[in-house]
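**Student:** Sequence:
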Amino acid sequence: MTISLSPDEPKLQPQGSTCYSSKYLADYYDLHIEDWNDAGLYGDKLDTMISQVSPPVTVFDIGTGSGRVIHSLLAAKPRANVRFLGLDIEPHMLERARQLTDPSVADQIDWLLGSADNLESLPVFQNGPPFVDMITFACGSICHLHQPGQGERFFQQIAKVLKPGTGRAYVSVLNMLTDGGEAQAQALRPPFGNDPVASKVLPGILYRETWPRHELIDKVWHTARHIVAFRLLPGGEEQVVEYNVSEREARVWTEADLRAAAKIAGLQLVEKIVQENETGLPETIFVWGVDV
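Just so you know, we're using the UniProt record's numbering here: the sequence shown kicks off at 1 and counts up by one.
Hints listed in this document are in silico derivations from the structure and should not be mistaken for laboratory results. Don't take each hint at face value.
[Said to hold, decoys possible] Under the rule of at most 35 Å between Cα atoms (straight-line distance), these lysine-lysine pairs were calculated in the DSBU-like manner:
id : residue 1 : residue 2
1  : Lys-219   : Lys-23
2  : Lys-272   : Lys-219
3  : Lys-219   : Lys-77
4  : Lys-45    : Lys-263
5  : Lys-219   : Lys-163
6  : Lys-263   : Lys-219
7  : Lys-77    : Lys-23
8  : Lys-160   : Lys-263
9  : Lys-272   : Lys-160
10 : Lys-77    : Lys-163
11 : Lys-263   : Lys-163
12 : Lys-45    : Lys-200
13 : Lys-160   : Lys-77
14 : Lys-45    : Lys-272
[To be verified] Cβ-Cβ distance ranges computed for the label pairs, FRET-style:
id : residue 1 : residue 2 : range
15 : Ala-256   : Ser-54    : 45 to 51 Å
16 : Ala-106   : Pro-196   : 29 to 35 Å
17 : Ile-264   : Glu-238   : 46 to 52 Å
18 : Leu-232   : Asp-291   : 20 to 26 Å
Heads up, the beta-carbon is just placed ideally off N, CA and C, and yes, glycines get one too.
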């Protein structure tokens, strides 16, 4: 739930099971994800794709959040013959993605509200296959597909929207959420520890995150997250602007799990990429194709 304790309008707002359902949470997300340095890898893969297929090329960023991957790819170099689709389940994240978009490239991007396990229902895919040249599911986001059958449906969906032969889907898995990662996951703490961190776009806003509970139950990590947005008053007191309480559920995906779900969907593993990043959360990116 989200508890707003600003003096002007004290209120209690229920929050769903997702983690980024307010403008403050979307802003906080950007603070702890900004050091993820996978955009260079995806940019190189996109350049290779552009050199091998006829334009236009379509890139589909699933779990786009505030559009980090898409914005980075467009900022790195002009890519006039590329169309970008950014999908997220959270309206606040998509609104932030729109706000952060350079107006000069806005006509190359469609921001889509929807779920990763129901891609073919999106209006953009109603004109028939094949659709997408390159799919990215970055930052280990597949862990959020924790409900029974949800990840399996996701693989079936990407098999339906990915172009056969040349299309590639880049699915990131955090190393701590796959084979042998339990000790690292158990030791995980909030991204900024116990220290407050200042917003870079909302004047005077600071954030603090605590985890009263963090435990593994049947291959799913359950983390109770308390994220407070607050201001410091002249006397040093904290004025709470928004107090968020949510449950994050993150599934452990073993390589065997991934391969089994992909095989049922008709996907073939093309490549595995081990990727380090500045966050200290290494990932393995599994690259899938159809009729390879």
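**Student:** So, for every hint listed, does it hold in this structure?
**Tutor:** These are the hints, each one checked on the structure:
no.: 1; hint: Lys-219 / Lys-23; verdict: 31 Å, holds
no.: 2; hint: Lys-272 / Lys-219; verdict: 22 Å, holds
no.: 3; hint: Lys-219 / Lys-77; verdict: 41 Å, violated
no.: 4; hint: Lys-45 / Lys-263; verdict: 23 Å, holds
no.: 5; hint: Lys-219 / Lys-163; verdict: 32 Å, holds
no.: 6; hint: Lys-263 / Lys-219; verdict: 21 Å, holds
no.: 7; hint: Lys-77 / Lys-23; verdict: 29 Å, holds
no.: 8; hint: Lys-160 / Lys-263; verdict: 13 Å, holds
no.: 9; hint: Lys-272 / Lys-160; verdict: 22 Å, holds
no.: 10; hint: Lys-77 / Lys-163; verdict: 24 Å, holds
no.: 11; hint: Lys-263 / Lys-163; verdict: 17 Å, holds
no.: 12; hint: Lys-45 / Lys-200; verdict: 31 Å, holds
no.: 13; hint: Lys-160 / Lys-77; verdict: 30 Å, holds
no.: 14; hint: Lys-45 / Lys-272; verdict: 13 Å, holds
no.: 15; hint: Ala-256 / Ser-54: 45 to 51 Å; verdict: 37 Å, violated
no.: 16; hint: Ala-106 / Pro-196: 29 to 35 Å; verdict: 34 Å, holds
no.: 17; hint: Ile-264 / Glu-238: 46 to 52 Å; verdict: 51 Å, holds
no.: 18; hint: Leu-232 / Asp-291: 20 to 26 Å; verdict: 58 Å, violated
When the structure is compared with the earlier hints, violations turn up for hints 3, 15, 18 and for no others.
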